[in-house]
Every structure is written in structure tokens, then in C-alpha cells.
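Chemist: Here my numbering is used: position 345 in the first sequence is 345, and no number is missing along the way.
Certain hints may be false.
To be verified - Restricting the straight-line Cα-Cα distance to at most 30 Å, the calculated cross-link-like pairs of lysine-lysine (DSS-like) are:
1) Lys52 / Lys34
2) Lys183 / Lys216
3) Lys165 / Lys189
4) Lys320 / Lys153
5) Lys496 / Lys189
6) Lys320 / Lys213
7) Lys129 / Lys52
8) Lys216 / Lys153
9) Lys183 / Lys213
Don't read these hints as lab results, they were simulated from the structure.
On a predicted model such as this, the values are computed, not experimentally measured, just so you know.
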Amino acid sequence: MSDMIVPNLLTDESGSPMAFYIHAQDPLREKYLKIIRDNGGYIEPSEVNADKNQYVQLSSYPVPRRTTFSFQFIDDYLDKGGSVYLEPYQLNPVKRSADELDEQDVRTAKAMAQAMNKKAKGPPKSTTKFTVEADNYILEQVRLKPRFRTSHKFFEELAQHDLLKGHTGNSVRSRYRAHLEHKLLYVYKTDDYDRLILDASGNRIALPVAHAKTIKNRFTADDDYTLCESIINHVLNTQDRETLQTADDKLTRLPDGVLNEANFLVSISFFDEFARQNTGHSSLSWRDRYRKFARVYGLQRYRDDYRKAMGTKEGPQPMKNLTSRESKSEKKAQITAKKLKANQVRMDMSAHDQALLADELARNHHSQLHHNHHLTHQLDSAGVAAVANMAVGQGALDEEIGEVKNSNIDDALRQVGVGAGRVQIEDDLVNPDVRALGIHQTDHSAIHPNLGGASVDGHDFEGLELKVDADSQDPWAKYMVYLPRDVLLTALFSDKFIQFEPNVIDRARELLTTLEPDDVGVLFDEFEKLGFTRAFVGHILKVTSSSVRYINDYLYTLRDALHDDRIDLVEVLFPRGHNGLWTPEQDFDLKEGNMQKLGFHDSESIGARRQFLGL
DNA sequence: GACCACACCCACACACCAA
DNA sequence: ATTGGTGTGTGGGTGTGGT
1 MSDMIVPNLL TDESGSPMAF YIHAQDPLRE KYLKIIRDNG GYIEPSEVNA
51 DKNQYVQLSS YPVPRRTTFS FQFIDDYLDK GGSVYLEPYQ LNPVKRSADE
101 LDEQDVRTAK AMAQAMNKKA KGPPKSTTKF TVEADNYILE QVRLKPRFRT
151 SHKFFEELAQ HDLLKGHTGN SVRSRYRAHL EHKLLYVYKT DDYDRLILDA
201 SGNRIALPVA HAKTIKNRFT ADDDYTLCES IINHVLNTQD RETLQTADDK
251 LTRLPDGVLN EANFLVSISF FDEFARQNTG HSSLSWRDRY RKFARVYGLQ
301 RYRDDYRKAM GTKEGPQPMK NLTSRESKSE KKAQITAKKL KANQVRMDMS
351 AHDQALLADE LARNHHSQLH HNHHLTHQLD SAGVAAVANM AVGQGALDEE
401 IGEVKNSNID DALRQVGVGA GRVQIEDDLV NPDVRALGIH QTDHSAIHPN
451 LGGASVDGHD FEGLELKVDA DSQDPWAKYM VYLPRDVLLT ALFSDKFIQF
501 EPNVIDRARE LLTTLEPDDV GVLFDEFEKL GFTRAFVGHI LKVTSSSVRY
551 INDYLYTLRD ALHDDRIDLV EVLFPRGHNG LWTPEQDFDL KEGNMQKLGF
601 HDSESIGARR QFLGL
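Sequences and hints are given; from them, build the entire structure.
Modeler: This is how it looks when you write it as C-alpha cells:
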């Protein structure tokens, strides 16, 4: 902008400034304030004055029920030395009614979000070049966790590593995808829990990349065909022909060979069995594929289309584009639009009305305080806004609050660095509101958080609960039952236990330090390797509400008992009066509310038990 | 103007949950 | 126990702006 040479463009012939209005919240306000002033123009601070004088409002986005023009006008006007008309830059030519969300609100919200985002991100980002060292580091990290190599989350967490400072998750991911993936060549062999498998001499085992699965598998045409065929056969074998061939009107009989798919009954157990035979997807995924795709497309239709397509050059294609869920950004825009709407109503309310309303509400809510009608003069603007918001309705606000909560949680989770072997959410977040959202303290991520591999010293069992509740449908839940009281010692330990004595308990406790919330299976497996029977592990989890801290406590008492010759098995299995350790009797008391009998449990133990039992 | 770092998008695989 | 609704974040991109 060479305004040293060019005379002030934003003035009229008489030299008086051209006047504009820019809403105080507009993200580009500061930028254009400067540009316009530098070129001799004027920005009216008051909306009322601007309206009175019909000053042009410039905006980053269309504002419902106001006439606004794009900042591009200023850019072009200055660029072309003033030979530009205003009209084409108008953002929202249509005046609309005040009620009901419409597309424009949503568009506005989107544009606003985008504009705000730019502002929030601050001045133009500088970029950091990837070094050879960083590249190699990324590759090695991918090799260590091959299943996560397509995960956004994985790279987001990877970006926290010191070696990758200055890069974002996005950039590390795209660096890998665009420049490193073809250099990967091999990955390390890992077990079902994504832990490295070492060979006999303790070395990592290299594996061709193609052998390493990722987290999710796309459904192939063959998958879809097998699914459709199997379901058709299944219903033919399990349901009567008449039902299957009856049309929706319940009267007409369909021609032979045509089945009414609306009458198909396909139980969950079918998908369990099917997933056992077809291991590429979980039972839940197969069921979902059936619900969202096969049933929509038509199973018989897909079967026939597949067979037909076998003869073509292209070959059969998997089903696609049959889901129609609102995209996330769409949803967000809807919510933002609602908020805007609420704000708009507030802005539309005259100052006088706002004052009356505030006064009115204040009388109702604080009637003991005897306010006169000058009350509103004592309210600050935030107070008036809050009061007006009440008039707008709680709905939009509720969503706002919900979103704030969620983003707080997000932030808290984000603070959990990759090196932090285990999740520790700040205390102030572990409150009833957070619990009400169904978020476990430890339940933060689909992938294991300790990508950095920082070792844990085993003293922070605080709050880690394995993610299985006694009454859930988790396959591990069925093992989590009390043993009978007359059980024999031999039912608790296998021969291996003798082999590993006397260190078994300590090794078991050590193992606890490595667990993640989803590692119930790991715990079962590893404890069995140490010589615990599965039934006993289940019993321990039942007694301890599957909380790692209490499992640790239990192992202590178990160790002491084992060192005592005169072992009282019942006392070991059903410890009385121990905080965090539960028995069937105590469960009963908890359900019945006989809290006086549970005095030795602290509130944390009781809370954990409630959650564990689904009370 | 090509290349790169980084942001953003969206269908859907997989999962969980309430009714 | 089924069932449909829906949350989550992957998997595979495209868009954008700096260098």
C-alpha cells in the first residue's frame, strides 16, 4: 500500500472520509481498520450511528438481517484506484424473517467459524522443515506401532515427541504419507495388544509392511457378497417360507425366489458366528454393514448385481454412498447458527426492551431485594446480555455449555503428553459433570497413550480402572464372577505358579504398572502365564472392581496370606473390612443402601463399586 | 511455479448405548 | 435380547498458503 504517493483514496471529492461500519467481533476488523484509516477512510464505532447515517457495513461473512459487503471491496477499490462499484460485493441481498434456522444462518456460521479460525491461529504460520533425523524417527515410530500408521491420533501424539518439535500432527502425518511411506519397507511384529514381539535372542522381528494390518478394514465386494449370501441362506434356514414371501401389505404372496427383506430376522448371534468364520471384521462391524449398507441396497439385489459384475472388466464393487449422516462440520455449523440466532435476537432487542426485560426478570428472581425500575442501570452489559439470553431460551445456551464442557475435556486430554505413560486428568475435571458425560478418567483415546514408551514406576495406580463393568456385554465380563466359598486351592493356581514362586506376586504387580484401560485381556493372559487360573483372575477383578489400585492391594494381602502357613482360603478370597475389596455380602449392602455396614470403604471405593456394578 | 508444511474434509468401520 | 440411534476417529483424500 504505497500511500506515500497515492492520495487518500477513501475520501470523496471534498476530501471528507468515506465512512464504514465493521462489527466489533469481526475477525478482520483490526486489519481493515488500519487499511481504511491509512487510506483516509473512517470507521464508525457505533452500530446505531452507522445505521442512522446508512454507512456501509463491511464484514467477513454475511450477517442475517443486515446488509453487508465483503472486505474484498476495499482490496479491489484500492487496487484499481477507486474504479470499482460497491454492489457486486454485497454478501446477503435477501432480507428474511427472524424465526427458523435457514441455510443462510448455517452458511454464516460456517463462514464465521472459518474466519474466526484464521484469526485464532494468529499471524501467518511459519513452517518447519523436516530433517533427515526427524524423518528416520517417524519411520521407526511407525515400525513400532504399525497398526496405527494411518491414524490421525497417532501422528498427533507423535508430534509431541521432542524430536518433532515445531511440527503439528497434520504435518507429521502428511510428511509420512507423502514422503516416507514408500521408505517404510518393514515394520516390527507386534501382538494382539500392539506390544512388540521379540525373538528368542530378544531382537525385534521385522515384517513386510503388507503383513501388518491397520485399525480398520474397508469392506470389499467379496465381503459384501459373502455377507448378503450368508444372510439370505440363514433366513431361508431359520424362518418359514410364508413369512419370507409375504409382501409388506401382509397379504400378497411374492413370486417364488423373491424374498421380502423387511421380514428378515438376523440376530446378533448370527453375526457373532459369521465373524468367527469371516475374520476380516468384527461381529459389530458385520452387523453395521448389514444395517447401513446391505439392507439399504437390498441383499438379493446386491447378490445378483455382484454375479452380473463378475463378467465385466471392472468387476464387482463394494456397496457405497448409502449412509447419510450429517457431517461433523455441518453439525457444528448448525449449532453455531443456533447460537448466532440467539445472539441476533438479543441484538435485535432495543436497549429499552432489554432494560425492561432485565428489570422484569430481576424482580422475579430476586424479589426479596426490592428493586425499583432503575435497577437496570446497575447492571453491567454482561448482566443485561445474560438476562436477555434467558429470554432467548435455554436451548441454544445449553448447547453452548455442553460444548464448553466438551472442549475442556478435550483440552485436558490433550495435555496428557505422549510420554505420560498413563492418563492423569486434572482433579478439577474429575467432577460429577464429567462423569455424567460418561467419560472415564482413563478413557481418553482409541490408541494406547504411551507411544513414547516412558517407563512407569508403578506407584501411580491412582484411578486407573480397566474398562470392563461386571454387567457389561464385554466378553471378559463373564469371567468376572466370585468363586464359590468352598473352592480348593488348586482351583486358584496352575503348576506354573509353583514354578515361578516366590516372585509371582511381585511380577503380577509389576505387570499392573504397564496396563492401559483396555488391557483387561492382557491382564487375563499375563496372569494366566504367571500361574493364576482364569477363574481366579476373574474373581480378583470382581473383588477389586477391576481397579488397578485395588488389584494391587489385593495382591499384597494375597502374598502375605501365602507366606502364612495356616492359610484361611475363605479369608483370602473374601477379605472382610478392607477398603476397595468387595464381597457378595457387601455388594448386597450397597444395593440395599445399608451404608453403615460399609464404613471401611471410602467414597472412592464406593463410587468405583457403583460404577462397576452399574448401580 | 513447484514443492512442501500444514489445515481441513467426509464417508464409513467399529463401537457403545438407551429403549 | 434386539434394535436403531449415534459417537468416534480412521482411511484416504483435497485445499491453502508459505518458501
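Chemist: All hints are to be evaluated individually against the structure, with a verdict given for each.
Modeler: So, going through the hints one by one against the coordinates:
Distance hint between Lys52 and Lys34 is fulfilled; the C-alpha atoms sit about 24 Å from each other, no more than 30 Å. Between Lys183 and Lys216, the direct Cα distance comes to roughly 22 Å. Compliance with the 30 Å bound is thereby established for this hinted pair. As the CA atoms of Lys165 and Lys189 are separated by approximately 28 Å, the hinted pair is consistent with the 30 Å bound. Only pairs whose Cα atoms come within 30 Å are accepted, and Lys320 paired with Lys153 is accepted, the gap being roughly 25 Å.
Distance hint between Lys496 and Lys189 is fulfilled; the C-alpha atoms sit about 27 Å from each other, no more than 30 Å. Distance check on the hinted pair: Lys320 and Lys213 sit about 22 Å apart at the alpha-carbon level, within 30 Å; holds. Pair hint Lys129 plus Lys52 does not hold up; C-alpha atoms about 53 Å apart against a cutoff of 30 Å. Proposed proximity of Lys216 and Lys153 is supported: the alpha carbons are some 14 Å apart, at most 30 Å.
Taking the CA atoms of Lys183 and Lys213, the gap is near 18 Å; set against the 30 Å cutoff, the hint holds.
Checked against the numbered hints given earlier, the structure breaks only hint 7 and satisfies all the rest.
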